[in-house]
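If you read the protein sequences in the order shown, they are chains A and B. For the first sequence, position 28 matches number 28 in the numbering used here, and the numbering has no gaps at all. For the second sequence, position 254 matches number 254 in the numbering used here, and the numbering has no gaps at all.
If you're looking for bench data, these hints aren't it; they were derived computationally from the structure. Keep in mind that a hint or two might mislead.
Same chains, same names: a pair is fine if it fits in one copy or spans any two.
[What the hints assert, rightly or not] Restricting the straight-line Cα-Cα distance to at most 20 Å, the calculated cross-link-like pairs of lysine to aspartate or glutamate (EDC-like) are:
1. Lys2 to Glu207
2. Lys335 to Asp41
3. Lys2 to Glu226
4. Lys2 to Asp234
5. Lys319 to Glu336
6. Lys243 to Asp7
7. Lys318 to Glu210
8. Lys335 to Asp251
9. Lys2 to Asp211
10. Lys318 to Asp254
11. Lys318 to Glu86
12. Lys335 to Asp314
13. Lys319 to Glu144
14. Lys243 to Glu210
These numbers come from a predicted model, not from an experiment.
There are 2 protein chains.
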Amino acid sequence: MKRILNDPVDYVVEMIGGLIAAHPNHFCRIPSTTRGLKHVDSPVNGKVGIVTGGGSGHLPLFLGYVGPGLLDAVAIGNVFSSPPAEEIMLAAKSVDSGNGVFFLFGNYAGDVMNFDMAAEMLQSMGIQSSTSVVHDDVASSPREERENRRGVAGLLFAYKVAGAKAASMASLEEVKAAADKAIHNTRSVGVALSPCTIPEVGRPSFELGEDEMELGMGIHGEPGIERTALGTADEIASAMMGKLLADIELDERDEVAVLVNGLGATPLEELYILFRKVGSTLADRRIRINRAFLGEYATSMEMAGASISVLKLDPELKKLLNAPYYSPLLLQPPKECPYVE
Amino acid sequence: MKRILNDPVDYVVEMIGGLIAAHPNHFCRIPSTTRGLKHVDSPVNGKVGIVTGGGSGHLPLFLGYVGPGLLDAVAIGNVFSSPPAEEIMLAAKSVDSGNGVFFLFGNYAGDVMNFDMAAEMLQSMGIQSSTSVVHDDVASSPREERENRRGVAGLLFAYKVAGAKAASMASLEEVKAAADKAIHNTRSVGVALSPCTIPEVGRPSFELGEDEMELGMGIHGEPGIERTALGTADEIASAMMGKLLADIELDERDEVAVLVNGLGATPLEELYILFRKVGSTLADRRIRINRAFLGEYATSMEMAGASISVLKLDPELKKLLNAPYYSPLLLQPPKECPYVE
Numbered sequence: 001m002k003r004i005l006n007d008p009v010d011y012v013v014e015m016i017g018g019l020i021a022a023h024p025n026h027f028c029r030i031p032s033t034t035r036g037l038k039h040v041d042s043p044v045n046g047k048v049g050i051v052t053g054g055g056s057g058h059l060p061l062f063l064g065y066v067g068p069g070l071l072d073a074v075a076i077g078n079v080f081s082s083p084p085a086e087e088i089m090l091a092a093k094s095v096d097s098g099n100g101v102f103f104l105f106g107n108y109a110g111d112v113m114n115f116d117m118a119a120e121m122l123q124s125m126g127i128q129s130s131t132s133v134v135h136d137d138v139a140s141s142p143r144e145e146r147e148n149r150r151g152v153a154g155l156l157f158a159y160k161v162a163g164a165k166a167a168s169m170a171s172l173e174e175v176k177a178a179a180d181k182a183i184h185n186t187r188s189v190g191v192a193l194s195p196c197t198i199p200e201v202g203r204p205s206f207e208l209g210e211d212e213m214e215l216g217m218g219i220h221g222e223p224g225i226e227r228t229a230l231g232t233a234d235e236i237a238s239a240m241m242g243k244l245l246a247d248i249e250l251d252e253r254d255e256v257a258v259l260v261n262g263l264g265a266t267p268l269e270e271l272y273i274l275f276r277k278v279g280s281t282l283a284d285r286r287i288r289i290n291r292a293f294l295g296e297y298a299t300s301m302e303m304a305g306a307s308i309s310v311l312k313l314d315p316e317l318k319k320l321l322n323a324p325y326y327s328p329l330l331l332q333p334p335k336e337c338p339y340v341e
Numbered sequence: 001m002k003r004i005l006n007d008p009v010d011y012v013v014e015m016i017g018g019l020i021a022a023h024p025n026h027f028c029r030i031p032s033t034t035r036g037l038k039h040v041d042s043p044v045n046g047k048v049g050i051v052t053g054g055g056s057g058h059l060p061l062f063l064g065y066v067g068p069g070l071l072d073a074v075a076i077g078n079v080f081s082s083p084p085a086e087e088i089m090l091a092a093k094s095v096d097s098g099n100g101v102f103f104l105f106g107n108y109a110g111d112v113m114n115f116d117m118a119a120e121m122l123q124s125m126g127i128q129s130s131t132s133v134v135h136d137d138v139a140s141s142p143r144e145e146r147e148n149r150r151g152v153a154g155l156l157f158a159y160k161v162a163g164a165k166a167a168s169m170a171s172l173e174e175v176k177a178a179a180d181k182a183i184h185n186t187r188s189v190g191v192a193l194s195p196c197t198i199p200e201v202g203r204p205s206f207e208l209g210e211d212e213m214e215l216g217m218g219i220h221g222e223p224g225i226e227r228t229a230l231g232t233a234d235e236i237a238s239a240m241m242g243k244l245l246a247d248i249e250l251d252e253r254d255e256v257a258v259l260v261n262g263l264g265a266t267p268l269e270e271l272y273i274l275f276r277k278v279g280s281t282l283a284d285r286r287i288r289i290n291r292a293f294l295g296e297y298a299t300s301m302e303m304a305g306a307s308i309s310v311l312k313l314d315p316e317l318k319k320l321l322n323a324p325y326y327s328p329l330l331l332q333p334p335k336e337c338p339y340v341e
């Protein structure tokens, strides 16, 4: 794997340097942190501050979700590594306006531990916080153990819903309740076609044969459900939609948001080819798509593959999902799809 | 190279099918074409229609530039192949509101020929058109033969400026004049780290050694300026900026827009690392960056590499560049950078 890179040791710090140089009216550094960024206008008076974090190597996740209608601050770690608790605490402190801080992140052991420690530090400083953990990856644990599942691209929906709720000046409890509903209603599944390489390691994180794919593989190369021969786009979409629809109850006329996410190297053309079958599968079941998000929302550097996420909507979630948001690292929001009976 | 694909023969048609299914409130098919799309609200009364086209395999180029403040219609061909003249003509006809059609596309022989033929057909039908060809790639011909250069990611700036001018209800002559100024003031250069594979061919379009890169390589794998050992990010940025700054006169306090574009497989992290040095190179010369665009704006499927484009601004170009635009395939517009003396 060839990269545009200086010293691999400086990968994260230089990436942050570039981000701030490119978008000085959007991001600023959080004092005393090395890898903490916040939105230039945060904290916003009266608003709950939302903070996330996780490993590097997933852009636009996590830093790219900072912005109006989204998150206030992010602490990141090395590639595929959790940020330290101290930096999470400083990120939270920097965006607390006295209305409390909401931690929202994906379910990985290191992140859970460090965010918990940060919450304890905040408590001792008199800053109120609450936490929700996103666990949308159906491949990583059976349905009965949903809370053990990993967090993947479905984070988009949780961020979007929580961000819009906080922007409406809702209380910490209300923001958490909205996020929890989004988490409860989100399912994702991924397929990997090729590995990625951690810059400091220099060799692929796993191996896949020339004609193989792995259904359900995680965004760090965690094992999935099954390794099979590479299928056609329609076969891949059917297998993925089968896993999703078996895991969440969707009835005729239910409305969903759909995300077809590229893992890094997979061209946008292929995501649209995949979406054809995703859309027709839902249409066959008379499930309505309210909005379709396609593009790179959570990546694994140069991994080839895709994930599909579904969010089951109710009137509140629909309103929050469709509220405005801004980040220069995110695609322009898709328009609402016309309702076809 | 592994792809999410059905029959390679159906690559383009299925991609378009997915695009329309995902964004039915944005794109619609142009009657009697197989690969022509227009914006649902085009033609707009009183507005010049802008039409582009080119080969497939470059998303978000070309289809992704259809939208308010941008283009009205696009005709695309097979992967890396020109669209037929007939489809270009039909695309133009479908968005003419009686104020004429402006053709704006990249300089490739097949496209030039087919757009010329389309313009002749339109003329015989009494529809007025004019044409500008984007030739921003400094690597493809010497400065004295600028008009022979290829069109690459600098198309973003030409589309953006022409689209904003047309949205202001300017005349066909005025739209062309604004686009020509943007073309005159734009320079790009690319670097390729790995090839891509045309689905119907099934093998890489060129080969690059494990430690090689090619400076100035085109977005279809056309030969560049030199093939060298893979440099560091800072070395790559310096070499690229050297080529750009030698080709356009930029003085202290001049203002530019910059685009650091990913060719497909290169992660966003690496574009930001590259931008660090791009930004500091310009700052050293006291050249001001008005806006920095980073992400995928013109790709070569899964090619690894990047391009840098610079647009020299004047007050009119700045105003047009910063006007609003919308497409679900494009990133949210970057904010204006604060002016630092």
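Here's how the hints hold up against the structure:
Taking the shortest Cα distances, lysine 2 and glutamate 207 sit within 20 Å of each other both inside one copy (17 Å) and across copies (14 Å). For the homomeric pair lysine 335 and aspartate 41, the shortest alpha-carbon distance between copies (14 Å) is at most 20 Å, but the shortest distance inside one copy (27 Å) is not. With identical chains, the CA atoms of lysine 2 and glutamate 226 are at most 20 Å apart between copies only, with a shortest distance of 17 Å across copies and 29 Å within one. In this homomeric assembly, lysine 2 and aspartate 234 come within 20 Å of each other (Cα to Cα) only across copies, at 15 Å, whereas the closest approach inside a single copy is 31 Å.
In this assembly of identical chains, lysine 319 and glutamate 336 lie within 20 Å of each other by CA distance solely inside one copy; the values are 11 Å within and 30 Å between copies. Taking the shortest alpha-carbon separations for lysine 243 and aspartate 7, neither the intra-copy value of 41 Å nor the inter-copy value of 24 Å comes in at or below 20 Å. In this homomeric assembly, lysine 318 and glutamate 210 never come within 20 Å of each other (Cα to Cα): the closest approach is 41 Å inside a single copy and 48 Å across copies. Taking the shortest Cα distances, lysine 335 and aspartate 251 never come within 20 Å of each other, neither inside one copy (23 Å) nor across copies (42 Å).
Taking the closest pair of Cα atoms, lysine 2 and aspartate 211 come within 20 Å of each other only across two copies (8 Å); inside a single copy the shortest separation is 22 Å, beyond that limit. Proximity of lysine 318 to aspartate 254 under the C-alpha cut-off of 20 Å is restricted to the intra-copy arrangement: shortest distance 12 Å within a copy versus 46 Å between copies. In this assembly of identical chains, the alpha carbons of lysine 318 and glutamate 86 never lie at most 20 Å apart, being 36 Å within a copy and 42 Å across copies at closest. Proximity of lysine 335 and aspartate 314 under a CA criterion of 20 Å is satisfied intra-copy only: 18 Å inside one chain copy versus 33 Å between copies.
In this homomeric assembly, lysine 319 and glutamate 144 never come within 20 Å of each other (Cα to Cα): the closest approach is 30 Å inside a single copy and 56 Å across copies. When the C-alpha separation of lysine 243 and glutamate 210 is checked against a cutoff of 20 Å, the pair qualifies neither within a copy, at 24 Å, nor between copies, at 39 Å.
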